[in-house]
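Residues per chain are reported as follows:
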Amino acid sequence: MVLQVIIKKRLKCFDIEISFSCPDEQLLVMIGPSGSGKTTILRMIAGLEKPEEGQIICHGKTWFDSSRRIDIPPQKRRIGYVFQDYTLFPHLSIYDNVAFAAPDRKEVDDLLDRFCIAHLRNRKPHLVSGGERQRCAICQALARRPQLLLLDEPFSSLDVLTRRKLRDELKVLKEELSFPVCYVTHDIHEALVLADGMIPIVNGRIEPDWMQHIVRGGQTALLTSRTVREPGLALAY
Amino acid sequence: MLRSSFLRRPISSKRSMGINKMDFVPLYVSLKLSMVTTSVLMVFTAPLAYVLAYSRFPGKLLIESLINLPMVLPPTVLGFYMVIIMGPKGIIGHVWRSVTGGSLLFTFPGIAFAAVVCSLPFALQPMKAAFQKIDRRLLESAYVLGLSRMETFFRVVIPNSINGIVAAAVLVFLHCMGAFGVLLMVGGSLSGETKVASIAIYEAVESMNYREAAIMSLCLIPISYVFLLLVNKLNEES
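Chains as they are written, first to last, in the working numbering: chain A, 1 to 237; chain B, 1 to 238.
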């Protein structure tokens, strides 16, 4: 497994205690209700928050190990992180945002073309649409040549049509990526379209029953049909 | 010195509101002091404001309150302590003497040091507020993109708080232009060295020379007004 995560962290309302792994070229979806600790888990993988106990290993490198007191800072973890809301640098153009941490400027042009935002290269982020901003955020994350891509509800602030369009684009992109992707969402449809593996998280723990509860509640017939149709869509925990 | 002697030259026209033999050197000293203080504070306050805006450490509140103390202390109290620490037996005065061999009191570097201490809160507050306004996720975004804290400061924090930094510079400049009590205690009134515009106005009034006081005061009003306009415009924009 390329990414191995075993973490414990005490929060105000509940404790996060989780362990999972993700193989290469796989998109792992962390799904669960809002406020269940999904974003905190992602932030701990990125190094933006520190677990109290555990181990995070990516591509054989230990990023965090509480027993050996290893805690690699986020700057050295080589991750791409797309946040929930737009976190592009407002003082930079779309091009400069993507090129911000890119080792190769030529790749920036390729990425802008690939995500159809090359014509916006000189515009500031506040002058482009929400969908275009998130495309730019994904380009920015990929331009760093990450070893792991973390997506924290990247389309949640977009309208339904744009969200669907970007979700489909991400599905195509996923096939081209050679590293694991962790995707956080509370949208079951989004999860089903994108996931190679899924972990349902409730109050900081993996909760397999939560999925069954959703299905039984009739909130999505799609889940049952897809699970039956594609039994390979295994839960990743 | 050339500029100083040029400014010393009396204005000879007798029709110019009776400003013959008017000495504009104090105005020049004020402007020089304001520029020096502003430059020094912009360089040193920015990292300090960054640390205070984003870090948590024991005693932070105590340090911040101490830095802001000049804002609320009477100038005479502040001036008294400045005289003590800048005097030959004071820590700053002693260090200065061992480096330069001279006294810090009654010199331009002395009043510049006093102005820096007095104006520090005026630089710190707007800068810290501007830094705190920046979305923390922008900093996190920079970190995950591989930027160190220092690089993030220069490439993300500074460009996104430029209005606050300019507002801080303007406030410091204006505060120095109007400084009086502390400068008088620390520097006295040595023409061309420590006699600033506000002291010159005070002395002119004391010697019943109201014309000179009026002209000097009139010179300060447009400068202050234009700078205040700039501060308000920046505040409105941000």
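A hint or two may mislead.
[Said to hold, decoys possible] As a list, the in silico DSS-like pairs of lysine-lysine whose alpha-carbon atoms are at most 30 Å apart:
hint, chain 1, residue 1, chain 2, residue 2
1, B, 133, A, 9
2, A, 106, A, 61
3, A, 12, B, 133
4, A, 9, B, 60
5, A, 50, B, 32
Don't read these hints as lab results, they were simulated from the structure. Bear in mind that the values here come from a model prediction, so they are computed numbers and not experimental data.
Results of checking the hints against the structure:
no.: 1; hint: B:133 x A:9; in the structure: holds (29 Å)
no.: 2; hint: A:106 x A:61; in the structure: holds (29 Å)
no.: 3; hint: A:12 x B:133; in the structure: holds (26 Å)
no.: 4; hint: A:9 x B:60; in the structure: holds (27 Å)
no.: 5; hint: A:50 x B:32; in the structure: violated (50 Å)
Taken one by one, the earlier hints fail for this structure only at number 5.
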